[in-house]
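Which chain is which? The protein sequence lines are U and X, in order.
Okay, so the first sequence: first residue is 1 according to my numbering, each after it adds one.
Okay, so the second sequence: first residue is 1 according to my numbering, each after it adds one.
Simulated from the structure, these hints should not be mistaken for laboratory data.
The C-beta atom is built at its ideal place from N, Cα and C for all residues, glycine as well.
Please note: incorrect hints may appear among the correct ones.
Stated by the list, open to error - Here are the in silico distance ranges between beta carbons for each label pair:
{"hint": "1", "chain 1": "U", "residue 1": "Arg166", "chain 2": "X", "residue 2": "Pro303", "range": "56 to 62 Å"}
{"hint": "2", "chain 1": "U", "residue 1": "Leu84", "chain 2": "X", "residue 2": "Gly236", "range": "38 to 44 Å"}
{"hint": "3", "chain 1": "X", "residue 1": "Ser281", "chain 2": "U", "residue 2": "Arg172", "range": "44 to 50 Å"}
{"hint": "4", "chain 1": "U", "residue 1": "Gly60", "chain 2": "X", "residue 2": "Ile75", "range": "56 to 62 Å"}
{"hint": "5", "chain 1": "X", "residue 1": "Ala308", "chain 2": "U", "residue 2": "Ala149", "range": "53 to 59 Å"}
{"hint": "6", "chain 1": "X", "residue 1": "Pro303", "chain 2": "U", "residue 2": "Ala275", "range": "52 to 58 Å"}
{"hint": "7", "chain 1": "U", "residue 1": "Gly60", "chain 2": "X", "residue 2": "Phe79", "range": "57 to 63 Å"}
{"hint": "8", "chain 1": "X", "residue 1": "Ile317", "chain 2": "U", "residue 2": "Ala275", "range": "53 to 59 Å"}
{"hint": "9", "chain 1": "U", "residue 1": "Asp118", "chain 2": "X", "residue 2": "Glu241", "range": "20 to 26 Å"}
Said to hold, decoys possible - Counterexamples of contact, computed for chain U against chain X with all Cβ distances above 12 Å:
{"hint": "10", "residue": "Phe6"}
{"hint": "11", "residue": "Val70"}
{"hint": "12", "residue": "Leu72"}
{"hint": "13", "residue": "Gln96"}
{"hint": "14", "residue": "Leu113"}
{"hint": "15", "residue": "Val119"}
{"hint": "16", "residue": "Pro133"}
{"hint": "17", "residue": "Val153"}
{"hint": "18", "residue": "Gly157"}
{"hint": "19", "residue": "Leu167"}
{"hint": "20", "residue": "Gly168"}
{"hint": "21", "residue": "His176"}
{"hint": "22", "residue": "Leu248"}
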Amino acid sequence: MDIFSFLVQTLNAVQYGLLLFLVASGLTLVFGIMGIINLAHGSFYMAGAYLAFGLTSATGSLVWAIVLGVPLAMLVGAALEALLFVHLYKRDHLEQVLLTYGLILIFEELRSLIVGNDVHGVAMPDFLAGSIPLNDTLSYPVYRLAISAVCVVLAIGLYFLIQRTRLGMMIRAGSHDRDMVQALGINITVIYRVVFALGVAMAALAGMLAAPISSVGPNMGGQVLILSFVVVVIGGIGSVWGALLGALLIGFADTFGKVILPEFAGAMVYLVMAAVLLWRPEGLLKKGA
Amino acid sequence: MTIKTHTAGIAQAVVLAALAAYPLVGSEFYVEMVAKVLVLGIFAMSLDLLVGFTGLVSLGHSAYFGVAAYAVALIAPEFAPANLWFVLGAAVLISAAVALGIGLLVLRTRGIYFIMVTLAFTQMAFFLFHDTALGGGSDGIYLNFRPEPRIGGWMPFDLAEGSQLYYFILAVAVLVFVGIKRVLRSPFGRVLVGIKSNEHRMRSLGYSTFNYKLGAFVLAGALAGLAGVLYAVLFGFVTPELLSWHESGHVLMMVILGGMGSPVGAVLGAGAMVALEEAFSLLTTHWQLLMGGVILAVVLFLPGGLIALPGRMRQLIKSGGPHE
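Isolated chain U, as found in the complex (with noise of 0.2 Å):
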């Protein structure tokens, strides 16, 4: 492997990296604040990918299809909090595990029944269409950037918006002490639905952002989710900066496993995961957000 292919090889396991981070933080955030855990998060993956697959056949462009999907997305997030997801609170991890088990089967027919089984393409927008010449074969495609550019972007954001802010304040004392906080006469429930509602939008944004470069169709949504859930496990539960850290190590793992052990790199991940937990099994940071 020369450096070019190298150096490609990197941006790609960077990219790939941060995407999954962007879902997997919704994830960690979920079960960090709230204590859910929730199988169908890679759901909301896929609604994004589709999306950004109706909304820029009807707005003609990617970027309007984000500026008019992430709002949605969050409306959507905080509704199903407001009907479904308040219910799992005070239940255990058991009836969690199946209660959105049972979203995912809802969720995907209801993806069957509007959209249909078909696989689609969306088309990137113009001005990031094309791509770095490395040497005179090799290139790098400007899309993929951007998708790194946006994710790192967001993840100071959510730093900032979880360290820094009077809601990341609240946010984190809601995560200690439920109670204690709404004694304080901070509304925990709002709290709440904002927290499920942002990560509800980062994982369709993760979505709408891989649209272009990988195809939408069924059941994209269930390797998103079980790789998040690897990110999430290595990284430590509840805590954004493992999710980081993790999916990162996923992005490597998973980009030149393809190159290096073509056979298996499926498998690749897993093992990392495995390593990773015989050295910690508690992940790598644990808690502490």
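Fit chain X to the known structure of chain U by using the hints.
For chain X alone, coordinates are given in the frame of chain U:
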């Protein structure tokens, strides 16, 4: 109490007699379906050992089921029937060994980690069979001949014959049922139930709970493997989907639907699940929507599952209104 155990014993005998008589009256299609229920019932009972009795919520139980099914297909020669006892023993040992390996890792974690990690390991096994040449890729493998139960030159029965296969599966299911009941009454089983209600206390009583949990994990893996063997023999082909995490969710749902913490409940759940799927798929192609609805309804409104239904109704009648 004695009256209750008597009625339970009579009920079990009646059900067993009905199951034994079924091939005499049922059509071939439905006999195969009941056989499928029995196989899935064994699978569900094995998971119940972890979820219902030891308190370990595994979302990766399909790995042992699928690995054993694949072992049957891979060990069996292509152009001749395999020896049933050999493939059965080998496949169950393999799934027990896989459960031991995975168990040593996953039992280091607890709670929500345990759920996620068991899920992830199953997915790893899925990819191993899906991506590599080992398992025939995403198409799976056909089992050309049903294994023969030869002992030396003597063949006590013939699995190529539909009703004999049915009786073999029924016999195995009864053995597993009785065996699990026995295990649960043994000191080992008592410790497992103790771990479920309070692991710290069990440890302070001097029990090495890790070893007990590992024992339960391996036993459950071996029994799931047994179910996988029967599945491969019954349907004659294996695909990577047997190992997928959807299958794990599916069997977990059977346990909950029937009522966890009871081998009868597990079999009941398997039967109800197969019947519901069959009925819904006749109604609409979008039957998963209905299935999802049933899952939500059961978890929300029927904690305790089907097995708790008579007791709840009795209470309802006695109190003259909804209780709790």
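Status of each hint after checking the structure:
1. U/Arg166 - X/Pro303: 56 to 62 Å: violated, 40 Å
2. U/Leu84 - X/Gly236: 38 to 44 Å: holds, 41 Å
3. X/Ser281 - U/Arg172: 44 to 50 Å: holds, 48 Å
4. U/Gly60 - X/Ile75: 56 to 62 Å: holds, 58 Å
5. X/Ala308 - U/Ala149: 53 to 59 Å: holds, 55 Å
6. X/Pro303 - U/Ala275: 52 to 58 Å: violated, 39 Å
7. U/Gly60 - X/Phe79: 57 to 63 Å: holds, 60 Å
8. X/Ile317 - U/Ala275: 53 to 59 Å: Taking Cβ atoms as reference, X/Ile317 and U/Ala275 lie about 57 Å apart, which means the hint holds.
9. U/Asp118 - X/Glu241: 20 to 26 Å: This hint holds: roughly 22 Å between Cβ atoms.
10. Phe6: holds, 24 Å
11. Val70: holds, 27 Å
12. Leu72: Holds, since 23 Å exceeds 12 Å.
13. Gln96: violated, 9 Å
14. Leu113: At roughly 6 Å from the nearest Cβ of chain X, U/Leu113 sits no farther out than 12 Å, so the non-interface label is violated.
15. Val119: U/Val119 clear of chain X: closest Cβ-Cβ about 16 Å, beyond 12 Å.
16. Pro133: At roughly 33 Å from the nearest Cβ of chain X, U/Pro133 sits farther out than 12 Å, so the non-interface label holds.
17. Val153: holds, 29 Å
18. Gly157: Given a closest Cβ separation of 27 Å, the condition holds.
19. Leu167: Nearest chain X Cβ is 26 Å from U/Leu167, so the label holds.
20. Gly168: holds, 23 Å
21. His176: holds, 17 Å
22. Leu248: holds, 18 Å
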